[in-house]
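Trainee: The primary structure of each chain is shown beneath.
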Amino acid sequence: MALTVQDLACARGPAQVLAGVSFSLAAGEALILRGPNGAGKTTLLRTLVGLTPPLAGTVTHEEGALAYAGHADGLKSQLSVAENLRFWAGIFGTPDIGAALTAYDLRTFADRKAGELSAGQKRRLSLARLLVTGRPIWCLDEPTVSLDTENTARFAAAVEAHLAKRGSAILATHIDLGLPNARTLDITPFMAKGLPASNPFSDDAFGEGST
Amino acid sequence: MRSLLKRDLSLAIRAGGGFGLALAFFLIFVSLVPFGIGPDTGRLSDIAAGLLWLGALLACLLSLDRIFQLDWEDGTLDLIATSPLPLEAASALKALAHWLTTGLPLVFAAPILGLMLNLPPAAFPWLIASLFVGTPALSIIGTFGAALTVGIKRGGLLLSLLVLPLYMPTLILGALTAARGGQGLDATTPLLLTAGITLGSAALLPFAAAAALRVNLR
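So the protein sequences, as listed, match chains A and B. Residues 4 to 214 (our numbering) are what the first sequence spells out, left to right. Residues 134 to 351 (our numbering) are what the second sequence spells out, left to right.
Chain A extracted, bound-state conformation:
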């Protein structure tokens, strides 16, 4: 198993959002997270990649296997498209950005400043970064936002190619990407609404209305 999650409980700020999440993901497999707005898809992804420590439970994967792409594009508007990618290539120690530029058809504006791109083009650049990371498990939060149909298909093709190379992906998305080897996980049953907040990280001294 590339990724195993056992009995995971996650919190966002002082409130517990999810409880008892368990699933596993094999190499070459995609998992689509579904759930209404506010269900905790983002929180789950942030807990998986280690940005937020879990309240309980375990996330098991190989060290340095996860690559994260959140709501924000994480681009520097003063740098060109190629410079943005080269920066991440340097951080992740991968020498080549050519494949990433080609996969999302970014070559024509490789020298344009990222700040001059449209929202959809920025998103494509942000997704191209995942190819530069060279990591096997992608954790994607609403990856298709502001992409048109052509580029959504391009993204689906990139994920498919990634799965074919024994990579895997967890996607929080509302659209059907038509991925071949995908399972769907509805996180609604794991929502922790109404559970008392038991967050050891909350600090009551600074909380509102604490008594």
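Bear in mind the hints are in silico, worked out from the structure with no lab data behind them. Heads up, the beta-carbon is just placed ideally off N, CA and C, and yes, glycines get one too.
With a cut-off of at most 25 angstroms between alpha-carbon atoms, the simulated SDA-like pairs for lysine to any residue come out as follows: (1) A:K116 / B:L154; (2) B:K139 / A:G67; (3) B:K286 / B:A344.
Computed footprint of chain B on chain A, listed as stretches where at least three residues anywhere in the stretch have a Cβ under 8 angstroms from a Cβ of chain B: (4) 51 to 61; (5) 64 to 78; (6) 81 to 89; (7) 94 to 107.
For this one, chain A is given, so just place chain B on it according to the hints.
Mentor: Just chain B, lined up with the frame of chain A:
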């Protein structure tokens, strides 16, 4: 690691970056002093060393909130935190980039501005030496403060309040070095103590900054 430093430096130099802001502030601050104090060269000469250090400190303070705030706003900080680069190294590199773009230019500008304040000739080498070994501490302590306040909307005020007391020892010892040098006394001891603050903060504060970032990214 080199790519983060390279990116931060090129971001600072390009339009909209922080480079030049600190330098311009330092220039304005020092050139206005004679108008506020009066043109009495003797009086200016007495306070020149302290004023130059104070100006450098305030100029440094001005650009601190940019260190992590911009990366936090556009989501880059999340991505750096999930990258192979440890946050400790990222904090140290950010401090280094901040020093190279704010502290180091001030070291070169200070002697020229010292002339305007009638700084005693004997004080020049000590001023340059004390700024050279002391301003890195300002950047490192400031990076720690920026890490503590990242994510707070308009956290600049809180950042200044947190960082100012931590800047006190560096200011006192740095200014003392230049002042003693100006009076023809031996200033080795305060200079070594200033260097000690820089080395101590370089050894400890990147870890504290990384811990603060981890809490703020939750």
